[in-house]
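S.K.: Chains as they are written, first to last, in our numbering: chain A, 1 to 482; chain B, 1001 to 1462.
These are calculated hints, taken from the structure and not from any lab test. Treat the hints with care, since some could be wrong.
To be verified - DSS-like, lysine-lysine: derived pairs with alpha carbons at most 25 Å apart:
id, chain 1, residue 1, chain 2, residue 2
1, B, Lys1356, B, Lys1432
2, B, Lys1091, B, Lys1183
3, B, Lys1424, A, Lys478
4, A, Lys23, B, Lys1416
5, A, Lys422, A, Lys364
6, A, Lys23, B, Lys1356
7, A, Lys158, B, Lys1432
8, B, Lys1432, B, Lys1091
9, A, Lys158, B, Lys1091
10, B, Lys1356, B, Lys1424
11, B, Lys1416, B, Lys1357
Given the structure is predicted, the values throughout are model-derived calculations rather than measurements.
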Amino acid sequence: MMTLLLLFVPLVSALVVYLAGQKLASKVALGLAVVELAISGIALSMYLKEGPEPFYVFHEWIASPKISFHLALDGLSLLLVILTNLLIPIIILSTFHRLIPNAKSYFALILMMQFALVGVFMAMDGLLYYIFWELALIPIYFIALRWGGPNRVPVTLKFFIYTLAGSLLMLFGFIMLYWYNPQQSFDIRELYNLAISGSNQSWLFWMFFLAFAIKIPIVPFHTWQADTYREAPTQGTMLLSGIMLKMGIYSLLRWLLPIVPLGVAQWGPLAITLCVVGIMYASIIAIKQDNIKNLLAYSSLAHVGLISAGVFAINLHGFQGSVVQMLAHGINVVGLFFCADIIFNRTNTLSIDGLGGIRNLAPKFSTMFMVILLGSVALPLTNGFIGEFLLLYGVYEYNIWLSAFAGLTIILGAVYMLRMYKKVMLGNTGTRVQSFPDLYWNEFLALGIIVVLVIVMGLYPKPVLEIAEPALQLILDKTIVQ
Amino acid sequence: MYTLIYTCCLGLLCLVGEILNLRKLLIPMILAGLAAIFVVNCMEWDAAGPVIIGGMDMSHMMRVDSYSIAFSGLSIFTAMLIFALTGNFYKNEEHHLSDYLAILVFVLTGALVLFSFYNLVMLFLGIEIVSISLYVMAGSRRQDIRSNEAGFKYFLMGSFASAILLFGITLIFGATGSFELDKIAAFASSGTDSTLLHIGALLVISGMLFKVAAVPFHFWSPDVYEGSPSLVTVMMSTLVKVAFFAAFFRLMSVGLSGIHDYTSDILSLVAALTLIAGNLIALSQNNFKRLLAYSGISHAGYMLLAVLSIENEASSALWYYGAAYVLATIGAFAVAIPVFYFRNDETIDAFNGLGKKNPLQAAFLTISMLSLAGIPPLAGFLGKYYIFSEAIRSGYIWLTIVAVLASIVGIYYYFKVILAMYTKDTVEPEVKSPMLYTVVMIVCVVLSLLLGVWPGPFTNLL
C-alpha cells in the first residue's frame, strides 16, 4: 500500500497540477510534493520498524511474455526514493520569484518525472524497470526543449537520441536474459540466479554497461552532458544532475553487477579505469571553464566518475561510499546549480569574468554558497567527505594506484571550486554586478534545507550506512564469483 | 465467412445508395454496417476450431480460424476509423462519393480474403481485389496531376508485381501439383529437392515484398503515398499494409514453411536492407506523407522480422505490432489531414507552431509519433519488444541488433515533427479540426496508451 502510494501520488499530482491552472500550479505542485515527501518519511519509519517486507508488491501484469508489476523497497531503493522526494520540493521551491511561462505544464512534467524516477528505483521486474527508465526521459526532454536556452533544439535532441540508443541496447540485453532464464520472466530474483556462460555474460555486460555509462555519464560517453546541462532550464539541470544520473549508478548496482558477475569480472578493470580517467579528465577541463554552469557540469562528471569507480571496486566500502556519495552529490549539486541560478537571476550572466564582489552585497547568500561548496569539495564534517573517503578507501582496497589518481579529484576539486568562489564572490565588484539583492524567502528556505543536510549528513552518516548495508551486502555476495 | 459476405454486400449497398440518392446517409450506414460486421466477426471467434471452405472440387479455398478472425477484427476496426474520416474529407466531392466509398469497402473485402486464404488462387484474388481498388483510389483526384501520376505509377508497377506473383504461383503448382497451402507444405517438407518450387517461392516472395514495400521493391511507395489523396494514403499505409503482411505470414508459416531454411537467408537480407534504407532515407524527407511512407517501409522491416520467425507466437507479435502501428498512423493522420487542409501545405513545416495554436492536437500527434518511435509505455514500444523477442528466440540475433540500431535512427525523424510543433512559430491561425477527426484522434491515442499499459487480453490472442 505504501509502495503504491509512493509511486502513484506523483502521477496524480501531475494531473492535479495541470488542472489547477497557471497561477496556482507552482503552489499546488509544492504542496503535493511535500505530501509525497511526508509519505516517504512514513515509509522510512515503517522500514526502520518492520524491514522491507511490507513494501513488497507483486501483481501479474502481462501473462505472455511474463511481465509482472513487481515493486519492492530495500535499503538501497529507499534511500534513493527519499533523495528523489526530498529534492523535488526543493527544485519546485527554487522556481518561486521566477517567471515560468506555461507553468502548469512545467510543474506537471516535473512531477511526471518524479513518478518515473520513483518507479525506476522500486521496480524489481526487468521490463517494468525498463519502462520507467524510458519514461523518465520524456518529461526531461520536453522540459529542456520548451524552457531551455537558445541552443536547446539540437542539444536536447542529441541528448535524447544518445541516451535512448543506450537504452535500446539494454532492452536487447533484457530480451536475451529473458530467453536465458529457464522460467522465462524478468523477475529480478530469477535474474540474480541465472547460469549464463562467461562469453555470453561478456557481451551482455556491454549491452547494459553502455546504457548506464551514457546515463551516468562515464567518459567517453559524456559528450551530451555539459551542453545539455547548460541549455536546460535550472530545474531541468537539477533533475538531471541531482537525480537522473543516480538512476545510472543505482542501475549499475542493481541490474548490472549481480546479473552478469562473470562479465563484470572480465570487464570491471576496464570500467574502473575509464571511471578514473574520467575523473582526471573532467577535473582538468573544469579548471579551464569560464561558465559557472559548465564548470559545475564537469565537476559533476568528476564526482560521478568517482562514484562509479567505487561501484566497480566491488567491495563493501566502495558500495557504501557510492550510496552515501549519491545522496551527498544529489543534494550538493542541486544546491550549487541553484546558487548559479541565483547569480544568473541577479546579474544575467554566468561568465566568471564579469562577476566578483557579491559577498559584500549578499552575505547570507555567500555563506550558504560557501557551505554547499565545501560539501562538494569534501571538507571533513560535510556530507561530501564521508562519501569520498569511503569511495577512495574502497578503490584503495581494489588498487592503490587507481586510488591515488582518483584522490586527485579532491585536490583538483578544491582548486577549481574555490577559485571559482574567489572570483565570483570575493574581490572587487565585477562589471556585471550592479545590484545584488540578498536571498528571497524561498531561496533562503531551499538553500537552508540543503545546508542543514550537508552538515547533518556530514556529522552523522551512520543511519544511511545502516539502512543501505543489507541490500549492498546481498549485491556484493551475488557479484563476487567463487 | 459471413464477415466476408456481409462486407461484400455493404460495398454493393453503397453503389445502390447512389441510385437511391441517399448520399447523406452513406457514411452513417457504412459505419453502422461495419460495426455490425465487427460484431459478427467477433462472434465467429467462439466457434470451435477452424472452418474450412472448399471450392467446386472440395479443395481448401479458405480457412476461417482464430488467425484470420483476429486480423479481420483489426482491419474492420481500422476501416471504421478511416470511414469516420471520409465524411469531411470528401465533402467537396459532389458526384462520386458513393463510388469512392464503395471502392474503399472493396479494399476491406480484399483484405478479408487475404486473411483467410488457404489456396494460392485465393491469395492472388485477394491481392488483386485490394490492388485494383487502390489503383483507382490513388488516381481519384482527377484534376490533380500528382494523383494521376500516383495512380498510373502504382498501376504499372503493381500489375508487374502481380504478374511475377502469378508466375511464381504457376511454378509452385508445377512443382507440387496443387494450389493448396497444406499440400504445398507437405510436398516441401517431404524433402524432395525441387528447383522449380524454389524458384516459384522466390517469385511469389518477390511479389509479396513488392506489395508490402520492402527494400529493394519499395520505389513506388513514397511517390504513390505522396501523390494519392491523404485518406487513400492512410488506407494504404495501415489497413492494406497489415493485410499484406498477414497474408505473407500465413504464406510463409504454412505454405512455404518446409523451405524456410532456403528462404530465410534471403528474407533476412531484405529485412536488414529495409530497416537500414527505410530509416536512413526517411531522415532527409520534408514532406510528411513521404516521411510516413519511409517510416512505413521501416516498419515493414520490423514486421518482416515477425514473418521470419514463423512460430505461432510470432503471429501474435505481428498482430500486436500491426495494431500499434495502425493506431499510431491513423492518430497522426487524424491530426495531419486538417492541418494540411487549412494550411494548404503537406510538408513538415505545416506543423510549425501547432503546440501553441492547437495544444491538444499537438499533444496527441506527439503521442502518436512517440508510439511510432517505440517509446514506452505506448503500444509501439511493446510491439517492438514482441517482435524483437520473437526474432531473438528464433535465432536472428544479428538481424535484431540491426533492427535495434535502426530504431535509434527512427527517433530522429519522428522528432522532426515534434520539434516543428513546439520550437517553431507560425503566423497561420489555429486549425479548426472537424469534430469527427478529433474523436478519431482521441480514440487512437487512448487505445495506443491502453494497449501499451494493459496489453493482457491481446498478447496471447493467437
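S.K.: Looking at the structure, which of the earlier hints fail to hold?
M.R.: 2, 3, 4, 7, 9
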